[in-house]
Amino acid sequence: MNRGTLPILARLQSLQATSRIVPGGGRVIAEVTDRNPLAQLLRAANETMLGRSLRFDSSAGPSLTLDVSGRRVLRLTDAQGLPGAESCLGLEALEDEHKDALIKLLQAVAAPRHELRVTSGPIGRGGEEVSVGLPVALLADLVLIELNATGPDEEPAVAEVVVPPLEEIAATGAGLSGFAAAMGPGLVAWLIAGGSEDGRTAGPDEMVSHLQGFLDDEGEALESQLDTLSAAPGDPICMMLGATLLEGHSILCARIGPSVLLGVVEGDATKATLAAWRAALR
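Be aware that the sequence shown starts at 971, since it is given in our numbering, and climbs by one per residue.
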């Protein structure tokens, strides 16, 4: 499949999908059986080109309202039942420093095993300006969500990625070492700190040294960042940090229990990361 056609196919499929409208005009975008309601929330925002106000309501009670335009989240205009929303409310435009807090709010309103609804309305203000706010694609990358998935259980074929069978992953060792093995050659360098896997490394010494130096300097801040984005402090989490050591490379961070993996990922490895992380948590 031509990678350039994926966004088009995803948009066509979303238009063809049967919508369920609830009293009040809201549209159900995630059922209680959906494995990842957050993906549906981000895809709804990513399909919004013209300025609109999108209110997302969870059957669990919380809700939030975003001004969205040009596939960018401009601002948070309302939040109900979401502790910590104050840091994002009332801003003229969301900036990079707000992305972690916003992601946590999105995760809270798009909680699994609860129906998620969206209601669209006129944008509050500034809909013509789309050079501000946070790109939906950036938010999706940070939580390892593929915006252009072409089916509820299908990952789009963006590249030929071979993930070892679960039996082979288990044979390499549980936890983060198995996760690293499942990533394959796309994970060009990595190290694990903490827990029973502490001190395990692979890859060029220079890259591993850079990773170790980063952990030495920013370890506490990184743990705090992971706790901010995870459902609860200490929960397993995997994320792309977005920083690069070399052009075309990204920094991957994952945590299971007391162990943290920091690695250098080559190229577009989103599919491999998702598949390997799912395998590591089984």
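No lab work stands behind these hints, which were simulated from the structure alone.
Treat the hints with caution; some may be incorrect.
Pairwise CB distance ranges, derived in the manner of DEER restraints [said to hold, decoys possible]:
{"hint": "1", "residue 1": "L1251", "residue 2": "G1183", "range": "38 to 44 Å"}
{"hint": "2", "residue 1": "P1155", "residue 2": "G1091", "range": "34 to 40 Å"}
{"hint": "3", "residue 1": "R1005", "residue 2": "A1172", "range": "29 to 35 Å"}
{"hint": "4", "residue 1": "P1092", "residue 2": "G1154", "range": "19 to 25 Å"}
{"hint": "5", "residue 1": "E1190", "residue 2": "L1020", "range": "19 to 25 Å"}
{"hint": "6", "residue 1": "R997", "residue 2": "D1187", "range": "28 to 34 Å"}
{"hint": "7", "residue 1": "G1054", "residue 2": "G1227", "range": "21 to 27 Å"}
With a cut-off of at most 25 Å between alpha-carbon atoms, the simulated DMTMM-like pairs for lysine to aspartate or glutamate come out as follows [claimed, not checked]:
{"hint": "8", "residue 1": "K1069", "residue 2": "E1176"}
{"hint": "9", "residue 1": "K1069", "residue 2": "D1205"}
{"hint": "10", "residue 1": "K1074", "residue 2": "E1062"}
{"hint": "11", "residue 1": "K1074", "residue 2": "E1188"}
{"hint": "12", "residue 1": "K1069", "residue 2": "D1168"}
{"hint": "13", "residue 1": "K1074", "residue 2": "E1116"}
Please read these numbers as outputs of a predicted model, since none were measured by experiment.
Every residue gets a Cβ at the ideal spot worked out from N, C-alpha and C, and that includes glycine.
When the structure is checked against the list of hints, which entries are broken? Sort them ascending. 1, 2, 4, 5, 6, 8 and 12
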